[in-house]
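Heads up: the sequence shown runs through residues 0 to 227, numbered per numbering that gives the first Met the number 0.
These aren't lab readings, by the way, just hints derived from the structure by calculation.
Being a predicted model, the structure only gives us computed values, none of them experimental.
Note that the Cβ used here is the ideal one computed from N, Cα and C, for glycine as well.
Heads up, some of the hints might be wrong.
Below, computed lysine to aspartate or glutamate pairings styled on EDC-like, alpha-carbon distance capped at 20 Å [as the list claims (entries may be wrong)]:
hint: 1; residue 1: Lys16; residue 2: Asp92
hint: 2; residue 1: Lys16; residue 2: Glu142
hint: 3; residue 1: Lys16; residue 2: Glu30
hint: 4; residue 1: Lys16; residue 2: Asp154
hint: 5; residue 1: Lys16; residue 2: Glu184
hint: 6; residue 1: Lys16; residue 2: Asp209
hint: 7; residue 1: Lys16; residue 2: Asp29
hint: 8; residue 1: Lys16; residue 2: Glu100
hint: 9; residue 1: Lys16; residue 2: Asp141
Pair by pair, the computed Cβ-Cβ distance ranges are [to be verified]:
hint: 10; residue 1: His82; residue 2: Gly126; range: 17 to 23 Å
hint: 11; residue 1: Glu47; residue 2: Asp204; range: 37 to 43 Å
hint: 12; residue 1: Gln62; residue 2: Gly172; range: 30 to 36 Å
hint: 13; residue 1: Glu30; residue 2: Arg198; range: 28 to 34 Å
hint: 14; residue 1: His173; residue 2: Glu47; range: 20 to 26 Å
hint: 15; residue 1: Thr185; residue 2: Trp55; range: 17 to 23 Å
hint: 16; residue 1: Thr5; residue 2: Gly172; range: 42 to 48 Å
hint: 17; residue 1: Gly217; residue 2: Trp55; range: 27 to 33 Å
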Amino acid sequence: MTTPSTLESIWPLFTLKLTTPRLQLTPIRDEHMPALVDAAVAGVHPAERMPFDTPWTDADPAQLAHNLTTYHWSLRSQSSPAHWVIAFAVLHDGCPIGIQEVHAREFPTRRTVVSGSWLSASQQGRGFGREMRAALLLFAFDELGAEVAETNALDWNTASLTVSARLGYREVGHQATESRPGTPETQTDLRVSRSEFIRPHWELDVAGADAARHELLGAANAERSSES
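From just these sequences and the hints, can you work out the full model?
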């Protein structure tokens, strides 16, 4: 008798779960999207500031809901060992409160990941930003075999820069950018190596790591990463 298919058997990344003392990170499922849309519409940053490369939060609520949902649907179809993205729903007490993304190009040779995230304004100031990024780094360094993690923030974004500094990131450059058309800004580029990473005092619980390695790295590279 044939075993019925499940979403996890079709897309193995759905088995991945990162659990910290207060949060759980899991690849976004469709059932997470309504709460994530509500969290984004409720506010992520002050209206006069735009912390993102693309000003997606400027859209009206209906368009924001459409854009956010279709964007995250597209990430699933685009991921391959050559270029992959995981968008984690960040859950607190089972409720989605933000998103933590990680992506990489040519990871088997470059061993570098890049992260970005957002957190509902109502949940900011509680240390969740640092906790969810630490979870991501523990997963990338310890489970995938990454050597370097990169991120960036605009120079006024003290909260993001502080999270990075407390995790061991160092500044590696600055570049001019525009957060909105006609609004010049300065972006700070940051990097942390596996040895520089300031690890949290807690342990990360990881479920689905083997499936994630095979999906993201390919079978041969997955075996080498699990042995390192």
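That 17 to 23 Å hint for Thr185 and Trp55 (C-beta), does it hold up?
At 21 Å between Cβs, range holds.
Restraint status (C-alpha distance of Lys16 to Asp92 at most 20 Å):
Judged against 20 Å, a Cα distance of about 14 Å means the pair holds.
Is 42 to 48 Å a correct range for the gap between the Cβ atoms of Thr5 and Gly172?
Once the Cβ atoms are compared, 45 Å apart, the range 42 to 48 Å for Gly172 and Thr5 holds.
Gln62 and Gly172, beta-carbon distance inside 30 to 36 Å?
Holds: the Cβ-Cβ distance is about 34 Å, inside 30 to 36 Å.
Range hint 17 to 23 Å (beta carbons of His82 and Gly126) holds or violated:
violated (32 Å)
Taking 20 Å as the top limit, are the C-alpha atoms of Lys16 and Glu184 close enough?
violated (36 Å)
Outcome of range test on Cβ distance (Gly217, Trp55; 27 to 33 Å):
Holds, since Gly217 and Trp55 (Cβ atoms, about 32 Å apart) stay within the stated range.
Has the given pair, Lys16 with Asp29, been kept, meaning a C-alpha gap of at most 20 Å?
holds (16 Å)
Verify the proposed pairing of Lys16 with Asp209, using a straight-line Cα cut of 20 Å.
holds (12 Å)
Satisfaction of hint between Glu30 and Lys16, Cα-Cα up to 20 Å:
Between Lys16 and Glu30 the Cα gap is close to 16 Å, so the pair holds against 20 Å.
Quick check: does the Cβ-Cβ distance between Glu30 and Arg198 fall within 28 to 34 Å?
Between Glu30 and Arg198, where Cβ atoms are some 32 Å apart, the hint holds.
Within a Cα-Cα threshold of 20 Å, do Lys16 and Glu100 meet the stated pairing?
holds (14 Å)
Going down the numbered hints, you'll see the structure goes against 4, 5, 10, while the others check out.
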